[in-house]
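Residue numbers (the working numbering), protein chains in the order written: chain G, 1 to 223; chain E, 224 to 709.
Simulated from the structure, these hints should not be mistaken for lab results. Careful: at least some of the hints might be erroneous.
[As the list claims (entries may be wrong)] Below, in silico cross-link-like pairs of lysine to aspartate or glutamate (EDC-like), each with a Cα-Cα straight-line distance of 16 angstroms or less:
no., chain 1, residue 1, chain 2, residue 2
1, E, Lys323, E, Glu527
2, E, Lys416, G, Glu107
3, E, Lys597, E, Glu509
4, G, Lys16, E, Glu509
5, E, Lys319, E, Glu353
6, G, Lys34, E, Glu526
7, E, Lys597, E, Asp268
8, E, Lys416, E, Glu342
9, E, Lys623, E, Asp694
10, G, Lys81, G, Glu107
11, G, Lys34, E, Glu575
12, G, Lys16, E, Glu270
13, E, Lys319, E, Glu509
14, E, Lys319, E, Asp289
15, E, Lys597, E, Glu270
These figures come from a predicted structure and were not determined experimentally.
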Amino acid sequence: MAASNARENILNRLRKARAGLPAPPPPDPLADRKWLERQPPITDPAGRFVQEQEAVGSQVRRVASWEALGDVVPPWLAELKVSSVITGTEPRLNPLRERLEAAAGLELHTYDRPIEEQREEVFSVDCGITTSHAAIADTGSVILIPSPAEPRLLSLAVPVHLVLVEAGRIFPTLLDFMDSGEYQADPPTNLVLVSGASRTADIELTLAIGVHGPRELLVALIG
Amino acid sequence: MQLDAKQFKRDRAAALENKPLRRNLERAMTTIRGRRNERFSQFVDGEALQWIGHAIKRNALANLPDLLEQLEEQLTSRGIQVHWAETTGDANRIVKDIAKRRGVGLVIKGKSMVSEEMELNDYLAGHGIEALEADLGEFIVQLAGEPPSHLVAPAVHLSRQEIAVLFHDELGEEYTEDIQAMTALARRVLREKFQQAGMGVTGVNFAVAETGTIALVENEGNGRMCTTVPPVHVALMGIEKVIPRLDEMSPLIRSLTASATGQPISTYFNWLSSPRRPGEKDGPEEVHLVILDNGRSSIYADEELRETLDCIRCGACLNICPVYSRIGGHAYSTVYMGPIGKILTPQLAGLEKGGHLAGASTLCGACYEVCPVKIPIPDLLLRLRREGVQPTPAGIATLKGAGAKASLGEAMVWKGWRVVHNRPALYKLMTRLLGFAGRTLPKRMGPLREWSATRDLPKAANRSLHHLLRDRSNAWEAGKIRSDSE
Ligand code: SF4
Chain G
1 MAASNARENI LNRLRKARAG LPAPPPPDPL ADRKWLERQP PITDPAGRFV
51 QEQEAVGSQV RRVASWEALG DVVPPWLAEL KVSSVITGTE PRLNPLRERL
101 EAAAGLELHT YDRPIEEQRE EVFSVDCGIT TSHAAIADTG SVILIPSPAE
151 PRLLSLAVPV HLVLVEAGRI FPTLLDFMDS GEYQADPPTN LVLVSGASRT
201 ADIELTLAIG VHGPRELLVA LIG
Chain E
224 MQLDAKQFKR DRAAALENKP LRRNLERAMT TIRGRRNERF SQFVDGEALQ
274 WIGHAIKRNA LANLPDLLEQ LEEQLTSRGI QVHWAETTGD ANRIVKDIAK
324 RRGVGLVIKG KSMVSEEMEL NDYLAGHGIE ALEADLGEFI VQLAGEPPSH
374 LVAPAVHLSR QEIAVLFHDE LGEEYTEDIQ AMTALARRVL REKFQQAGMG
424 VTGVNFAVAE TGTIALVENE GNGRMCTTVP PVHVALMGIE KVIPRLDEMS
474 PLIRSLTASA TGQPISTYFN WLSSPRRPGE KDGPEEVHLV ILDNGRSSIY
524 ADEELRETLD CIRCGACLNI CPVYSRIGGH AYSTVYMGPI GKILTPQLAG
574 LEKGGHLAGA STLCGACYEV CPVKIPIPDL LLRLRREGVQ PTPAGIATLK
624 GAGAKASLGE AMVWKGWRVV HNRPALYKLM TRLLGFAGRT LPKRMGPLRE
674 WSATRDLPKA ANRSLHHLLR DRSNAWEAGK IRSDSE
């Protein structure tokens, strides 16, 4: 009751206040596009993406194809002393999972039940591997859209997150991704742009890595 | 927090004498300004980006009631529950009622200035619910029992040594001044809490009406944790956060992070649009959005003052401000500090309580220069000063406490000033008297005492410029001096 009054009261006050005032001209919907066109051009989106990710401390390795992941990922994880890995049920990862399963000294987990049943497991694994929806060159961002096959915590609860990015899915700018309409068509529960490992500068503005999210972001750039 | 002019005067004087604070602030503000400037210098025409942000926010506010309704419709259609609160008391009750219904004993929080405005933590504590801050800076100031001193970097007034002592004393951990180690410690403590908490509370950076998206900008991952791990997520926002379209976030996020920290984008940029859907394995079962007015709709009614609501809370005006960067955030005794606090607080709290803040500015204009949405802060400060002594008719209906600072003495002085300046003979007499008085008036007494205690009183010349010029032109006419061009 009180809540619905609040709604009407607020909206009425705003409408009344607005009534007498002239509306400003609507902004140019292309203003940001025109501004971006004046910036130095992004000739090589993949190159720029790698450069921006490395600038914030991510490790990026280029991989020729999905099939080649099996040769690259297990030794990479071994270098980082990762001893347990978790993935979702994304079918494109099945060949890689077979190789991980066979790798010595590596425990393989699957996030395939609700978190309420798997909490301890998900929060104790060293590394989560996920695919990505797309990426953005000029900000060096990976776009994650978690799904039932690849839940949100796979990229969050783990100290190391390995994300697979297809070179053909790199948009030059965030605006290019927005203009594609992919998000607006059906907004997912959660989309997150990830640009590096979790960080803070809250003590003396000094960078510290790995506050609440992963301490290490690994990017395998495919193609 | 006590908000009054006398307290402010005492606190800022104390802050100016506080050497460690001055040292911490100076180092931090120099660094953070440098980061902002470096990023903007990489843009071709960074100022044009600021004007794009300005136009977007102006337009969004012009359509505010419709956008809020559209946002509500979009969110509701995907199962997010929307609540409207006229006052902070209403907002607190809404959050508490959700918590009680869900049997929540522990709330974990991401950074939210609106929750500071609500004093939510204290309110919940009064109802037996613990609220724990998860943003590292907020976690630190909460341990210290202080409010945040900066919009973006809440613990910027503290040195690593002070924080080290705090962690040692409050968390009972081994003493370390190593920043990475202290961060790891906070991570360990808060990891547990994320999993125990029955509710996550966060702020909102942008709410997109067309898609029904709640967007959250952060670097640490606490925002992601708060919106993913606990079974309930409650987002808090002021009515001014809504924008029409998704693609308007492109220039706004670029401008926000460039202004706040100099980053091209924040480490995480979260877009949330529904609770956990069938089949999804994590994420909150319930998501709520609380839309808070708390005086904003009154600010909205004044076309000029409305620009206050454009603010995207980047903190750049604090970092550049010659006053903030010397006294820090606490001396203001306000939730919102620095230049934006000086224009927002008097409007939210009323001029009788917060009007003195508008006076504490040199009007140097640096805040306007850096503001990513080009809020004319100096103009608004002048407007509020004027409203304090002489409310403009348009403002009467909207501004709480307009005219509260009007004093008979001040009014008389100005009246006298007008009379003198309208009568040449009187003016002449005045300037003569001033020249005389300047040499003979006691400086450490009377009305000049306060002002001259920390400043040198300018000496009034024996003869006014007016007199000197007249003598000069007389002499020139008499052929005693020649002008250079001849
Ligand atoms: S007023 Fe402008 S500069 Fe200051 S915090 Fe708000 S957006 Fe940033």
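Task: 16 angstroms limit on alpha-carbon distance, applied to hinted pair Lys416/E and Glu342/E - done: violated (21 angstroms)
Open item on the list: Can you confirm whether the C-alpha distance between Lys16/G and Glu509/E stays at or below 16 angstroms?
Closed with: Roughly 34 angstroms between the alpha carbons, so the hint for Lys16/G and Glu509/E is violated.
TODO: Take a quick look at whether Lys597/E and Asp268/E sit within 16 angstroms of each other, Cα to Cα.
DONE: Given pair Lys597/E, Asp268/E holds - Cα atoms ~14 angstroms apart, limit 16 angstroms.
Open item on the list: Tell me if the straight-line CA distance from Lys319/E to Asp289/E falls inside 16 angstroms.
Closed with: At roughly 28 angstroms apart (the allowed maximum being 16 angstroms), Asp289/E and Lys319/E break the hint.
Task: Hinted pair Lys16/G and Glu270/E, Cα distance within 16 angstroms - done: Outside the cut-off at roughly 34 angstroms; violated.
Open item on the list: For a C-alpha distance cap of 16 angstroms, please report whether Lys416/E and Glu107/G respect it.
Closed with: violated (27 angstroms)
Open item on the list: For a C-alpha distance cap of 16 angstroms, please report whether Lys597/E and Glu509/E respect it.
Closed with: Given pair Lys597/E, Glu509/E is violated - Cα atoms ~37 angstroms apart, limit 16 angstroms.
TODO: Measure nothing beyond the straight line between the CA atoms of Lys597/E and Glu270/E; if it is 16 angstroms or shorter, mark the hint as holding.
DONE: holds (9 angstroms)
- [ ] Given the hint that Lys623/E pairs with Asp694/E, test it: the Cα-Cα distance must not exceed 16 angstroms.
- [x] Between Lys623/E and Asp694/E the Cα gap is close to 52 angstroms, so the pair fails against 16 angstroms, i.e. violated.
Open item on the list: Between the alpha carbons of Lys34/G and Glu526/E, is the straight-line distance 16 angstroms or under?
Closed with: violated (29 angstroms)
Open item on the list: Would the hint linking Lys81/G and Glu107/G be met if the CA-CA limit is 16 angstroms?
Closed with: Holds, at about 12 angstroms.
Task: Hint consistency between Lys323/E and Glu527/E [alpha-carbon to alpha-carbon, up to 16 angstroms] - done: The hint is violated at about 41 angstroms.
In the structure shown, a violation is registered for the earlier hints numbered 1, 2, 3, 4, 6, 8, 9, 11, 12 and 14, in ascending order.
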